[in-house]
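A.B. asks: Chain by chain, the residues run as shown.
Protein chains: 2
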Amino acid sequence: MRRELEVSLGDRSYPVHIGPGLLDDASLFAPHVAGRTAAIVTNTTVDAMYRPRLAQALERAGARCLAIGLPDGEAHKSWQTLDRVFEALLRAQADRRTVLVALGGGVVGDIAGFAAATYQRGIAHLQVPTTLLAQVDSSVGGKTAINHPLGKNMIGAFHQPVAVVADTATLASLPERELGAGLAEVLKYGAIQDAEFLGWIEANADRLLAREPDALGYAIQRSCEIKAAIVAEDERESGARALLNFGHTFGHAIESATGYGNWLHGEAVAAGMALAARFSVAQGRLAKADAERLVRLIARLRLPVKPPAIPAPVWLEYMGRDKKNEAGRVTLILLERLGHARIVKDAPPAALEEFLATA
Amino acid sequence: MRRELEVSLGDRSYPVHIGPGLLDDASLFAPHVAGRTAAIVTNTTVDAMYRPRLAQALERAGARCLAIGLPDGEAHKSWQTLDRVFEALLRAQADRRTVLVALGGGVVGDIAGFAAATYQRGIAHLQVPTTLLAQVDSSVGGKTAINHPLGKNMIGAFHQPVAVVADTATLASLPERELGAGLAEVLKYGAIQDAEFLGWIEANADRLLAREPDALGYAIQRSCEIKAAIVAEDERESGARALLNFGHTFGHAIESATGYGNWLHGEAVAAGMALAARFSVAQGRLAKADAERLVRLIARLRLPVKPPAIPAPVWLEYMGRDKKNEAGRVTLILLERLGHARIVKDAPPAALEEFLATA
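In the order they appear, the protein sequences are chains V and Y.
Position 320 (the first sequence) corresponds to 319 in numbering that gives the first Met the number 0; numbering is contiguous.
Position 83 (the second sequence) corresponds to 82 in numbering that gives the first Met the number 0; numbering is contiguous.
Note that these hints are calculated values from the structure, not bench results.
Computed from a predicted model, the values in this text were never measured in an experiment.
Glycine is no exception: its CB is placed at the ideal position from the N, C-alpha and C atoms.
Treat the hints with care, since some could be wrong.
What the hints assert, rightly or not - Computed, partial: chain V to chain Y, Cβ under 8 angstroms: (1) H75; (2) T80; (3) F85; (4) L89; (5) R96; (6) G121; (7) A123; (8) M318; (9) A350; (10) F354.
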């Protein structure tokens, strides 16, 4: 079954196509690549599995193809890896009409998107996500970035793709941990915005873990719908878009403190959501039973509910560099009830420190 | 005498203030920095001369100041230097409300502007140019970039400043070569767009070389007016903005081939304009007398009219990576007459190669 939705951003609106086998559908690519160079950016793992098929579809769509291979993993979401993309484009004398095609997970999508935002001051890019996390979250919405040794996603740009093509058949071969990491973000959408969807995830947890195509297809569609609506309202995160960061303030600190790549992003977000829910309870914002229900669901999806051992000052140092912060105060996304999150800029620092010391 | 104009870009419009002593005028800065952190990005040369005064004005305007010093010169317009800005911002836990203030010439402005475009996916920046080149060209229009070893300004973003404050008193202490480099860009505006202005430059060349404040003030204003009109029409260089690249296709190749910094940007553009005018004649587009008049004026401003010795294949390699190119063809800006340039996408490659072999 094919599903399609739109991210509505005026003359920068674009479609999100979801379904099995889309990788081979030249008609989805033709409007964006016909008569142009398509530079496929991918990683060594994905390259062998899907690049030849995608290249064939792009060529049928009228593109000349170029392949740019990157090392795999969050530890490589760095300037050094980004520069490999620039170098390959420059050596090929790629001009401004070149389209970058990100084939892979969140790391490939973020690097290729940022490369597109900055190569010759901006060229087009197309997202072809092959992980659940990328299909439900990172490929949609135009956030691109690389990590800095001093903080995750600190260097980047808002640069919307011209289309997202999510081939759900690629999820069949996804490693178990990667599937879980994606489900963490699916869960997030329910937690912050849609209690009914959260109930659906609880009722369908086994089907999701078993990768039933219909269940995954619906989860991806609903996740993208929620994200698209929030992005359409607040593209550059001056307000509501920050809600999508639920679990991420704690999660980014976990990723940075443990070294990028040891915890998958989705795993860190899962533990971060459990912390955020518990801190919401500690702050008297959320009923304890609701937090427990969310934590149970996180665990049921085989995701971590406890963070690694991190000293409170280290937590605070990394959380102090979060992009949502203002005037030295940590901004948090907390829950008022399941399906309803709120941006909190005035959580007492002492209370947060005490909470982290016993987390 | 104070002069002011606007770059009209809808809700991203901004003022350009031109005049002596503006560095000390807190009222120009207050709308943009009050209650925020102002991170002054400058180079070692400019730091001692102007940073304390600017910091005082920013503090009077209600900002907290932070200073970020960079090494001086085009050779440092690199990722490594850019990363020093990121590292300083992250160590200071600078948030998204931070304003970067570029104090210096084109290199500082380009790096600070690109840092602002990409730090935490985009923060505000203010341009305080202290060289003639930056005042008439690089501080206005939102082009930001760093160089790549394989090509000049290849990595960057369009990111408009919130204001440009050009203190013309800073030009009194400018080294002779830097003054000339700025005059090359002034000349460019006349050559591509305004024959009357070109005549004015001829008539006032001695006053400009003697740095008479009124002459320089008018030259800066007229240059910024021409640039602002072109940028307002074509912000992202899909058309007319490419005209501003007159002399730059040859010029960038000179800079890249000789090693960044050996030729000043304006010097390379001067020789590039002479080449572009001669090639316009060779192509039968421009009268020989007009080309000679332009070359004489370039020489009169004490600027180079001949390029260094570069083998034709090296010329073509660097020109082949120009951002204006399409489908492997070099795009050139050629003159039809003085005051009227044209974007030429179909110059015969063989003719260009032959021309370069004897340039």
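A.B. asks: Among the hints numbered above, which are violated by the structure, and what are their numbers in rising order?
C.D. replies: 1, 2, 7, 8, 9, 10
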